[in-house]
Amino acid sequence: MNKSMFKLAGVAVVVGALALTGCGTRGGASAESSASGSAAAANKVAKIGVIAPLSGDLSALGLGIKNSVDLAIKQANESKAIPGWTLELAAEDDQATPDVGKNAATKLASDDAVVGVVGTLNSSVAQSVIPVLSAASIAQVSPANTNPSLTKGEDLANPKRPYANYFRTCTTDAVQGPFAAQYLLETGIKKVATIHDKKTYGQGLVDNFTTAFKAGGGEIVAAETINPDDKDFSAVITKVKAASPEAIYYGGEYPQAGPLSKQAKAAGLTVPLMGGDGIYDGNFIKLGGSAGDLATSVGAPVDTLESAKAFVSAYTAGGYSEPYAAYGAYSYDAANAIINALKVSLASATDAKSARQATIDAFAKVSFDGATGKVGFDEFGDSVSRVLTVYKVDGTEWKAEKTGELK
Amino acid sequence: MDLFFQQLINGLSLGALYALIAVGYTVVYGIVQLINFAHGEIFMVGAFGAYATWMVMGQPANLSVGMALGVVLPLMLVGGVVSSVVVALLTERVAYRPLRNAPRLAPLISAIGVSVFLQEFVRLFYGTIPFVTRIPGWPDAKSAVPFPSISGISDASVQIGGVLVQASALFTLLALVVCTVFLWFFVNRTKTGRAMVATSQDPDTARLMGINVDRVIVAAFAVGAGLAAIAGVAHGLRYGNIDFRMGFLAGLKAFTAAVLGGIGNINGAVVGGLVLGVVEALASNYLGTTAWKDVWAFALLILVLVFRPQGLLGAKVVDRA
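Line by line, the protein sequences give chains A and B.
Counting along the first sequence from 1, when you hit position 351 you're at 351 in our numbering, and nothing is skipped either side.
Numbers given in our numbering equal positions in the second sequence, counted from 1, plus 1000.
Hints in this document: simulated from the structure, not taken from any laboratory.
It is possible that part of the hints are untrue.
[What the hints assert, rightly or not] As a list, the in silico PhoX-like pairs of lysine-lysine whose alpha-carbon atoms are at most 25 Å apart:
id, chain 1, residue 1, chain 2, residue 2
1, B, LYS1191, A, LYS286
2, A, LYS198, B, LYS1142
3, A, LYS286, A, LYS102
[What the hints assert, rightly or not] Some residues of chain A that are not near chain B, with every Cβ distance over 10 Å (derived):
id, residue
4, GLY56
5, SER367
6, ALA400
Glycine is no exception: its CB is placed at the ideal position from the N, C-alpha and C atoms.
Model the full assembly from the supplied sequences, consistent with the hints where possible.
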């Protein structure tokens, strides 16, 4: 592909896309359409942080998050969504590691201009990031954390919100795992082996899947784990194969899931591997995911959803070198949720830091039509949307198989 | 019973990888008493070197088996070995030789530094090595890189009764056998090899006898690196992808294998690697869930060290070789 040609075409498209689909449609920003877009010198600066893996195995997902937030910020500045203020992006790499994430959060919290943060990708990283941002009263919106305990506390039977500053635009494992179970049972699969990577996300997903799958009359024939650093899964595959499952349900992410699927097929275990949103990425297929493998992901397919088309075309026009990946649209919505809250909180604020608590308070009223559908938050900070989609590997790409709500 | 043999094959092929890497720990330790913690990264560099060779060849894909096994794979092995050996000798020259007479801990810390350096170097700069950026499709190493598949190895397998043996597992085992024979020949039948034995027994006397100890040390690093590179290629073929962190855990396990077999002892490294691999595979099947496999592997290590501190075959049999 000729990159420079592509870029030239991109510039041409960006003008059109922004004019046609730009920010006016996002929650009634005051559209000063003829404005040049550049901020006046007197504007005060507020920053929206991003904490996501920008390097390492999961960088494909993390860079998609960063770019999508960047796009939302650019559009907001262009449309002067918040009069008198210019928004800036402050992206930090968490390397998908809780410790690094905590440092990133501390760095952002000490920057007085930061009023909101989009992130993290990993639930395990969120567990160490949320307390830091909470202490500094900075609103955090995750596009990707699916662990239920982050919003409902450890005891899910008696949910109690642990942190008032934490929100998310994606659905949770409490919905995703059972949705996968429902799909497998509907397709006539009754015997499943589960494998997870012992991380917060993987284990939570498998637990929720297992409960729902058993309740629906299915049987878990083997429950195994892998070490995320391992490369050789032959022992676990041999063991799972002996239990002759009709499918494998994997809780974890694509860097392990891809090779796991490849090694399973090579070892003669030719049943589909199903996972959650953590394996719904093109890299899963590149690393060995094969035809027939399944993944659930939150929301309806971005590229078919009417409300998402504006996002996709603006992203394409933005000339980002990485794809928006699995969480792009959710990150874009997360950033716009913060921007919507800022419209209220920054209106009367003298400086960014004093508006932090007001921003969190303003989230209760945030409601708009985003790239993934209706964006809003319930009393726990969870997304009001419960729509999920099952995707299937077809050749070298993911194809939407079934979209629905959890029954 | 099929299950047992299947896990045995799994364990042997995993153990063969450990063994190939473990030899590098053991030869270097036998001669300079240095635990070269950067050796896992030399293994990783070998895999990336082989990948680079394949890219430079023009990413040949879908070849006939003869072409793949006769031309492409050998060239990749050579490319991997050359890059590993060059990097290993550079680290020896830069990070270890200046510390030859320093207290023991200094080169150990230096080795850990080299390990971190190599990981980060590959992560940050593999994608931007200047003379290769013109090759289209050259990946950066910030996330896992799919390793090319070689016809006849990557997707082939043999069914023996109820046991499925993958060609990649056979390749790894075959590589270990060939390398062990080569090592035996090298250590016992060549001048450099015998100089290595002499140096490991008594470096000072060896020097008095006219042996160039620096050259012997270089040879030890080179041999270890070459074997690690072969392991790197075998790893890529077996698991289908390589990444900048692959050397860390593999290196740790291989070091464990070297200690298990008796550090300083080449045969011990081979036996230790195989035992460790087999224990991991069988333990995942028969002793609890797979989550426990590392527990059993290290429990075995502790047991062996309690009752036989010199390792399974005894440390430094090189002495008597």
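Cross-check of the supplied hints:
no. : hint                   : verdict
1   : LYS1191(B) x LYS286(A) : 47 Å, violated
2   : LYS198(A) x LYS1142(B) : 23 Å, holds
3   : LYS286(A) x LYS102(A)  : 31 Å, violated
4   : GLY56                  : 6 Å, violated
5   : SER367                 : 37 Å, holds
6   : ALA400                 : 25 Å, holds
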